[in-house]
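So you can see what is in the structure, the chains are spelled out below.
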Amino acid sequence: MFDSLSLVLCEIERLKRSLINLKIMTRRDRPYQPLLLRILHNLSAAIAILAIITSFLVYNTYDGRLVKLPLPKINDIIGLHGTFGLTFLLLFPALAIYSFHWGQKRLVQADSFSKLGQVGKPIWWYSLHRIVNTLMLLAATWALITGRQMKEEWLPAGEINHSWYYLHLSAWVILVICLAIHLLMIIKVGGTPLILSMFEWQYVPEDSPLLWRAKIRSLFNRER
Amino acid sequence: MKSKNIILVIAETLVIGGILFAFISPLFSPSEENNTQSLNNSLLN
Numbered sequence: 001m002f003d004s005l006s007l008v009l010c011e012i013e014r015l016k017r018s019l020i021n022l023k024i025m026t027r028r029d030r031p032y033q034p035l036l037l038r039i040l041h042n043l044s045a046a047i048a049i050l051a052i053i054t055s056f057l058v059y060n061t062y063d064g065r066l067v068k069l070p071l072p073k074i075n076d077i078i079g080l081h082g083t084f085g086l087t088f089l090l091l092f093p094a095l096a097i098y099s100f101h102w103g104q105k106r107l108v109q110a111d112s113f114s115k116l117g118q119v120g121k122p123i124w125w126y127s128l129h130r131i132v133n134t135l136m137l138l139a140a141t142w143a144l145i146t147g148r149q150m151k152e153e154w155l156p157a158g159e160i161n162h163s164w165y166y167l168h169l170s171a172w173v174i175l176v177i178c179l180a181i182h183l184l185m186i187i188k189v190g191g192t193p194l195i196l197s198m199f200e201w202q203y204v205p206e207d208s209p210l211l212w213r214a215k216i217r218s219l220f221n222r223e224r
Numbered sequence: 001m002k003s004k005n006i007i008l009v010i011a012e013t014l015v016i017g018g019i020l021f022a023f024i025s026p027l028f029s030p031s032e033e034n035n036t037q038s039l040n041n042s043l044l045n
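Respectively, the protein sequence lines represent chains A and B.
Take the first sequence: its position 172, counting from 1, is numbered 172 in the working numbering, and each next residue is one higher.
Take the second sequence: its position 22, counting from 1, is numbered 22 in the working numbering, and each next residue is one higher.
One thing to keep in mind: the hints can contain errors.
What the hints assert, rightly or not - Pairwise CB distance ranges, derived in the manner of DEER restraints:
#1 B:LEU20 <-> A:ALA110: 24 to 32 angstroms
#2 A:ARG217 <-> B:PHE23: 51 to 59 angstroms
#3 A:PHE220 <-> B:LEU14: 32 to 40 angstroms
#4 A:ASN161 <-> B:LEU14: 25 to 33 angstroms
No lab work stands behind these hints: they were computed from the structure.
All C-beta atoms, glycine included, are put in the ideal place defined by N, C-alpha and C.
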């Protein structure tokens with residue numbers, strides 16, 4: 001009886017140790033992204049990509065002056081695009097606040113532009129990556145500002161020469177270019193492990209959601 | 001003391017300002033005013 005109990009205890013101890021080792025290995029060998037960043041980034045990215053796709057469908061349905069693909073018409077595609085846009089507007093402030101406060105090191109640094117002189121070196125890629133990350137936030141803001149000035153009735157009525165429409169189209173082009181460079185930079189800087197680190201479910205104890213409230217409080221206290 | 005990253009401060013101001021503008025700007029557009037006006041008229045009648 002005692003033997004089997006001590007065996008079970010030994011096994012538990014062994015499992016505990018291997019779990020700790022696994023955690024340490026995970027932290028050392030793979031890039032780690034904070035849980036809150038993963039949630040906000042992935043939600044925003046998913047909604048933004050859906051908004052980008054639906055905006056192209058809107059353009060293809062009602063405009064198509066530069067490019068027109070033989071795609072099927074979707075009923076109320078403008079409404080669908082507007083819904084994604086509005087959802088993004090509601091999510092984006094949280095991502096922006098996170099990025100400019102806790103995620104500062106992933107954005108442009110004071111010396112980022114001077115580091116761009118060192119072409120081809122790792123610091124050049126990192127600096128470019130940070131600049132593009134910052135540009136992504138600005139491009140998303142530009143898309144939201146211009147999108148909010150659009151009226152749903154314009155395009156179905158054939159009114160495709162409004163200034164805000166052209167500005168919103170420019171936002172689409174800028175956002176798509178920034179997204180492409182952002183993805184290329186991720187592949188270049190961190191490769192597959194960096195991409196996978198954004199989709200992991202595990203988190204370290206100091207990253208627990210139970211501590212988020214305290215972190216937000218400390219941010220406001222620091223700014224006071 | 002750590003020097004403040006001016007570029008990041010400018011970017012943050014633009015982004016937060018832009019978000020606020022995106023939230024409130026449709027409230028001041030002429031069509032919104034027309035909608036509000038027609039709503040007021042229908043309520044009065």
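Now the hints, each set against the structure:
{"no.": "1", "hint": "B:LEU20 <-> A:ALA110: 24 to 32 angstroms", "result": "holds (26 angstroms)"}
{"no.": "2", "hint": "A:ARG217 <-> B:PHE23: 51 to 59 angstroms", "result": "violated (24 angstroms)"}
{"no.": "3", "hint": "A:PHE220 <-> B:LEU14: 32 to 40 angstroms", "result": "violated (22 angstroms)"}
{"no.": "4", "hint": "A:ASN161 <-> B:LEU14: 25 to 33 angstroms", "result": "holds (28 angstroms)"}
This entry does not satisfy hints 2 and 3, going by the numbered hints stated previously.
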